[in-house]
Structure formats: structure tokens, C-alpha cells
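Chains as they are written, first to last, in the numbering used here: chain A, -19 to 298; chain B, 38 to 291.
I should point out that these hints are in silico values taken from the structure, not numbers from a laboratory. Note that the coordinates shown come from a computational prediction; the quantities given were computed from them, not determined experimentally. Some hints could be false.
Stated by the list, open to error - Taking beta-carbon pairs under 10 Å as the criterion, some of the chain A residues facing chain B (in silico):
no., residue
1, Glu36
2, Ala50
3, Ser160
4, Leu223
5, Arg263
6, Leu266
7, Glu267
8, His269
9, Ala282
10, Leu283
11, Asn287
Claimed, not checked - Covered stretches of chain A, as calculated for chain B (at least 3 residues, CB under 8 Å):
no., region
12, 37 to 47
13, 58 to 72
14, 200 to 209
Claimed, not checked - Taking CB as the label site, the calculated pair distances span:
no., chain 1, residue 1, chain 2, residue 2, range
15, B, Glu278, A, Lys194, 42 to 50 Å
16, B, Thr269, A, Gly87, 39 to 47 Å
17, B, Thr269, A, Glu267, 23 to 31 Å
18, A, Arg137, B, Val253, 43 to 51 Å
19, A, Arg263, B, Glu75, 24 to 32 Å
20, A, Thr76, B, Arg174, 32 to 40 Å
21, A, Asp206, B, Glu75, 34 to 42 Å
Glycine included, every Cβ here is placed at the ideal spot set by N, Cα and C.
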Amino acid sequence: MSTEQQLSRQEQQFMDKIKAEEKIEPKDWMPEKYRKNLIRQISQHAHSEVIGMQPEGNFLTRAPSLRRKAILLSKIQDEAGHGLYLYSAAETLGITREELIEALQSGQAKYASIFNYPALTWADMGAIGWLVDGAAIVNQVSLQRTSYGPYSRGMIRICKEESFHQRQGYDIMLSLVNGSPEQKAMAQDALNRFYWPALMMFGPHDSESAHSAKSMEWKIKRETNDDLRQKFIDQTASQIEFLGLEHPDKDLKWNEERGHYDSGEIDWEEFQNVINGNGHCNRQRLEHHIKAHEEGAWVREALAAYNAKKQANKSEAA
Amino acid sequence: MSDNIKAATQEYATRLGDDAVVLGHRISEWVSRGPFLEEDIAYANVALDYIGRARMFYGYAAELANDGRTEDDFAYMRDDRQYQNLLLMEMPRGDFAYSQVRQLFIDIYYNLLLPELVNSKDDTLAAIAAKAIKETRYHLRRSRDWVLRLGDGTEESHHRAQAAVDSLWGYTHELFDMDETEKLLADNGIGVDTTQLREAWLKHVSAILSEATLSVPEDGWAVRGGRIGYHTENLGHVLTEMQFVHRSYPGCQW
Chain A
-19 MSTEQQLSRQ EQQFMDKIKA EEKIEPKDWM PEKYRKNLIR QISQHAHSEV
31 IGMQPEGNFL TRAPSLRRKA ILLSKIQDEA GHGLYLYSAA ETLGITREEL
81 IEALQSGQAK YASIFNYPAL TWADMGAIGW LVDGAAIVNQ VSLQRTSYGP
131 YSRGMIRICK EESFHQRQGY DIMLSLVNGS PEQKAMAQDA LNRFYWPALM
181 MFGPHDSESA HSAKSMEWKI KRETNDDLRQ KFIDQTASQI EFLGLEHPDK
231 DLKWNEERGH YDSGEIDWEE FQNVINGNGH CNRQRLEHHI KAHEEGAWVR
281 EALAAYNAKK QANKSEAA
Chain B
38 MSDNIKAATQ EYATRLGDDA VVLGHRISEW VSRGPFLEED IAYANVALDY
88 IGRARMFYGY AAELANDGRT EDDFAYMRDD RQYQNLLLME MPRGDFAYSQ
138 VRQLFIDIYY NLLLPELVNS KDDTLAAIAA KAIKETRYHL RRSRDWVLRL
188 GDGTEESHHR AQAAVDSLWG YTHELFDMDE TEKLLADNGI GVDTTQLREA
238 WLKHVSAILS EATLSVPEDG WAVRGGRIGY HTENLGHVLT EMQFVHRSYP
288 GCQW
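Please work from the sequences and hints to get the whole structure.
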């Protein structure tokens, strides 16, 4: 059998598995593009968890009650944990964490652009939990069925914790809207600033999305950007109403025929603008990450040196 | 409970709450700034333990005060001169060695103090101590491991760890001071006599520092004042940051 024939047979088997909804596991043969596509997506997801610690970490020391401070700490701890699972899932595809971090710091790998928006008030902790984690969950629920085994299993674990995150965000908003007029205004302001960027988290329209078609065929992605976004718009509309806040989308209207809300157009120019580096925090987020990493270099070196000494002592004793 | 014992117990719970909230604040400053991701998780976890501890101690102080104040009033509505945390807690986060050495000193201290407090005649203090002791054992495993690694790692890490030991040492003496309030509680089997803990603490600390190839500083330099609200300039900045949102919107629920 020629190499070509063999390859096409492997590809056929791979596609058969995908079609049968069987999971692809690390040791299975997979097309190189499938592997690369997964590394891109999983690492982007991991980096988002890690960079996402910054805007919330920014309020850890200012949380207005001890209870909220404890909940926020617990949430950020979960996020770092998610970053860890996801880096591990990416590592099963033959890339190291060091390489992944380097790609983040050089700007070659991306993280969710939502974190380039600044967290300015305590209400932003509510809006981020409710809307940003909320949008992430809609996406992640669908990714529980993704074709790559380690990613799928990671998503199942992560989804359980994310729903707690969204609830705690919504709960912050509830306290604010039931509080003083200043608190309610703070909640409205946070909603206004985070609503549209949260919609952008689902990525460009399907017709404009660079990676969508192949990812759908390989079942890395299970639902399209626009379908997921619609789910989020639908679920969020009633939540905004329940809070008694004004909906930021003036064109939002229930469409009886479709059974969904019709909504106003997203400002894609702003989306591109922020992705391309002109958000308030693009540079800050990366500089913060690089600074922490560089300041930690001597600690990692010390750890390696200590372990090497212990190892040497052990071999000497043996 | 007699009135003077009750007042002393309230003050004692407040002090232990102050220690926990200020240290928790400092540790939380590390989140997203650790040398690698696992350390971010560990820092968030330890900070969470201390914030939890602060809530329990303040909650009890509020219960004893019985004047409508809540745990948040204790944390957010008191100033520098009213806070009675040990100075060691408020020192800046410093570098990784500084934070781990501070943590080692504190973890060994609590590993001696909490097993005594578990036997307190005050059931609430005993219950809080019983919960905290489990966390503190884990904290000590981590800070001990790190001090060993840093002390006996590279030349740079050794140097940084020794510098941390030297610059924090002067703040450890007041951990073992007792004032009238604490004496009264110790005499009545409610509080812990910390003067009795120094010898064991020093022995334990010295053993770890020695294993880490670090030297124990000479005694002689000692800074005191936390328990009477006579702080370093660091605390004011901690409180400014911590209390800003809470105080900007008086009387609000969050």
C-alpha cells in the first residue's frame, strides 16, 4: 500500500469515528490540521481563563463585603484551575505549557478579547460573572460534545463550576438593583458596557468566521457562532427584565415566527478595533502576565535546582 | 460569662479577625502574579482560608458586641488605630521569598497556637480553631517546602530567602507578647498564653531554616505595637484600598 493510500485510509477511519460520535483520543491518528486547530482553540480558551483572572483580581482587594471577597477568591481560584485543565488538555496534543505561554506572550496566540475591556466598578464583577461567564457557558455547554476526548471531558468539569460563577455574578447584580439608586445606576452602567462585548465573544457571523466550517465538520465546534449567540441573547433578555434594568439593545424585539429575539447589529468595527490592540487593556493584560512570569523566573529556577540536588542525593544514596 | 471576660473575648476575637483579614488581603495580592499557575491557585486558596477565618472571628465579635454591628462593620468601618493585627501581617507582599518566609513564621505560630485554642473553654473560639487548624497544617506544608527550595535552590533564591528572614525577624517577637486582656483570657482557660509558645516556635523555625541552609538572625531587633493599634505605615494603605468601595456607599448591602 502506498503512503498516500495509507493516509487516506487513516483519514477515512478518523472521519468514520467523528461521524459515529466517537471521541478522538490523544494516541489516535488525527489530521495535522485537526491537531493544530485544536491547539489553537484549547490554548485560546486556557489563556482566556488565565488572563481573565486579572480584571477580577483587580477587585479582590476592594470587594465591598467579606462574603463577596470570599466568593470572588473562590471563583478566581476555579478559573486558574480551568486554565490548568485546559493547558493539560492542550499538552496531550504534543505541545508544552512553556510553548503555549510563549505564544500568548508573543501575541501569536489569542485570549478572549472581552478581557481587554477594563473592570471599573464593583458592578463590573457582577456583569463579568453574569454576562461574560454566561456567554462562555453557552459556548462550553455545546463543547461538552466536542470530538476531542480530553477537551470534552475538561468542558464537562468546567461547566459545573461555570454555572456557579454565572449565578454569583447575577446575584451581585440582584443586590445592586435592590440597593440604593447609586448602586442601581452602577449596575446599569456595567450592563451597558459589557452587554455588546459579551455578544462579540461568540465571534464573527458564521459567514465571516475563518475557522468555523472545518471546525464544524470535525465536530470540534458543535454549534455555529450565530446560533450560540442567539441562545445567549434569548436567555439574557428575560434576566435583564427581571433585574428591572434597561436593555442596552434598543432594537431588541421578540419574533413570534422565529421563536427568538431579533436584535440590533453588533458594532463589528469596535470588535476589530479592540482585537487589533486598541482596547483599554490589551497591552496592560499582556504586560502584567509577562511581568509576573519574569518575576517568577528565579523561583522556577530555584525549584529546578533544588529538585536536581535532591535527585542527585538520591542517586548517590542508591 | 462575666462582663469583663465577655469584653476581653470580644476584643480577642476582633484581634484574631484583624490578623486574618490583613494577611488574607496581602496574600490575595498575589493572585495572577504567582511564578506559575499552580501558585496562583495556592495563593487564592490560602487567602480564601484567611478571609473565611476573619469572617468567623468577626462574626463572633459582632455576636458578643450585640450592638447591631456585623462582620463587615469590623472589617470595613474601623481605622488604622483601631485595628489590632500583628505588624507581621501588614508588611507588604514583597517578593516570593518574602511572602513565603512570612508565611512560614505565621504557619508555625498558628500550628502551635491553634491546638491550644481548640481546648478553649469558649466553645465558639474552640470551634473556629478546630476548623482553622486543618487549613494551617496544609499551609505549613507549602511554606516549609518553599523555604527549603528557596534556601537550598540557587544562589539568588538563597540570597532572597535570607534577606526575607533578616528583614522580617524583628516583627516576630510581638507574636509572643501578652497584654492584660490576653492574660485575663489565658488565666481563665479561654485564650492562649503565647509567651509559652516562643521556645517551640524558635526550635521549629530554626530547624527548617537550618535545613534550608539559612541562618537564624541574632535577637535584639524587635518592633512592637500591633495589638495596641500602633502600626507601620503599611496598614493605612491596606485599609484605604480594602475599605474604599464599602465606605463610598454608606449603609449599602452588597
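Hints versus structure:
| no. | hint | verdict |
| --- | --- | --- |
| 1 | Glu36 | holds (9 Å) |
| 2 | Ala50 | holds (5 Å) |
| 3 | Ser160 | holds (5 Å) |
| 4 | Leu223 | violated (16 Å) |
| 5 | Arg263 | violated (16 Å) |
| 6 | Leu266 | violated (13 Å) |
| 7 | Glu267 | violated (12 Å) |
| 8 | His269 | holds (8 Å) |
| 9 | Ala282 | holds (3 Å) |
| 10 | Leu283 | holds (5 Å) |
| 11 | Asn287 | holds (8 Å) |
| 12 | 37 to 47 | holds (count 9) |
| 13 | 58 to 72 | holds (count 5) |
| 14 | 200 to 209 | violated (count 0) |
| 15 | B:Glu278 / A:Lys194: 42 to 50 Å | holds (48 Å) |
| 16 | B:Thr269 / A:Gly87: 39 to 47 Å | holds (41 Å) |
| 17 | B:Thr269 / A:Glu267: 23 to 31 Å | holds (30 Å) |
| 18 | A:Arg137 / B:Val253: 43 to 51 Å | holds (45 Å) |
| 19 | A:Arg263 / B:Glu75: 24 to 32 Å | holds (26 Å) |
| 20 | A:Thr76 / B:Arg174: 32 to 40 Å | holds (34 Å) |
| 21 | A:Asp206 / B:Glu75: 34 to 42 Å | holds (38 Å) |
Hint compliance for this structure: hints 4, 5, 6, 7, 14 are broken, all remaining hints hold.
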